[in-house]
Amino acid sequence: MSMEEPEITHPDVIKKFMYVNRRAPYGTVYALETLEVVLIGAAFDQDVSLAFLDDGVFQIVKGQDTTQIGMKNFSPTFRALGDYEVSKLYVEKESLEERGLAPDDLLEITYEDEDDDWAEKPSIRIVDRTELTKIMAAQDVILSF
Amino acid sequence: MSILHTVNKSPFEKTTLQSCLDHASPGDAVILIEDGVYGALSRTEASERIAARMNEVSFYALGPDLLARGVANGSLAEGVKVVDYGEFVDLVAEHEIAQAWL
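Protein chains in written order, with the working numbering: chain S, 250 to 394; chain H, 8 to 109.
Derived by calculation from the structure, the hints in this document are not laboratory data. Among the hints, a few may not be true.
A few chain H positions that, by computed beta-carbon distances, are all more than 12 Å from chain S [as the list claims (entries may be wrong)]: (1) D29; (2) L48; (3) E63.
Think about it this way: if two alpha-carbon atoms lie no more than 20 Å apart in a straight line, the pair counts; the simulated SDA-like pairs of lysine to any residue are [what the hints assert, rightly or not]: (4) S:K311 with H:E41; (5) S:K265 with S:E343; (6) S:K337 with S:I318; (7) S:K311 with H:A79; (8) H:K88 with S:K337.
Beta carbons: idealized from backbone N, C-alpha and C, even for Gly.
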């Protein structure tokens, strides 16, 4: 009796992974846990992007100070994503506007572009709903928690 | 019998704030806590709903929850008073009933 060969995905295949963030940062644990998954997933050398829409845009609002609520302020961790080669953070324009927010209210998140002499560039890209729809349609895998 | 209503959900994700406003009587107070503090942001649909009841209901937002979320005083809807934990306790003591809209 012969053993069947397990099917193995070719290790060099790079897929487009998108993590969809739709939750505010501290009321539930979803936002923090999603960020943990992104950091773990970054070890697999895939083409990763993050989308922030609905209440997810609140995760990257600058000036968060959690000292009085006894929880970890994990917003600075978003600024480390560039070091993990996660450099595409799509933020939905309409979601910001519905919440009275402007791009200036968001964290400064950058990455170093290896294809451009390691020039520092902004990771956050403000896109409208139509553009985000197209970006989602172009993914291989979309993860949302 | 005046009621202190607590709202702890984002008005952009749940209808909790709306249900609270629909059931608040003149003379009641509403305090926004946890993700509920996003209801205190100005220039939103939620802030318009709050403004519509401002003449008969008192509105408060819990300062530590605002700070945690990076919601600065400057971006708060007019008429919403920021309180600390101690003042929250005072509000609970001042009202006969506390109703938690979860």
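Are all beta-carbon distances from E63 (chain H) to chain S longer than 12 Å? Nearest chain S Cβ is 24 Å from E63 (chain H), so the label holds.
Can you confirm whether the C-alpha distance between K337 (chain S) and I318 (chain S) stays at or below 20 Å? 31 Å, violated
Can the restraint linking K311 (chain S) and A79 (chain H) be considered satisfied, given a maximum Cα separation of 20 Å? 10 Å, holds
Could you let me know if the closest chain S CB is still more than 12 Å away from the CB of L48 (chain H)? Non-interface label fails for L48 (chain H): nearest chain S Cβ at 5 Å, not farther than 12 Å.
20 Å limit on alpha-carbon distance, applied to hinted pair K88 (chain H) and K337 (chain S): It is violated: about 38 Å lies between the C-alpha atoms, which goes past 20 Å.
For a C-alpha distance cap of 20 Å, please report whether K311 (chain S) and E41 (chain H) respect it. 18 Å, holds
Is K265 (chain S) within 20 Å of E343 (chain S), Cα to Cα? 24 Å, violated
Going by Cβ atoms, does D29 (chain H) stay more than 12 Å from chain S at every point? 21 Å, holds
The structure does not agree with the numbered hints 2, 5, 6, 8 stated previously, though it agrees with the rest.
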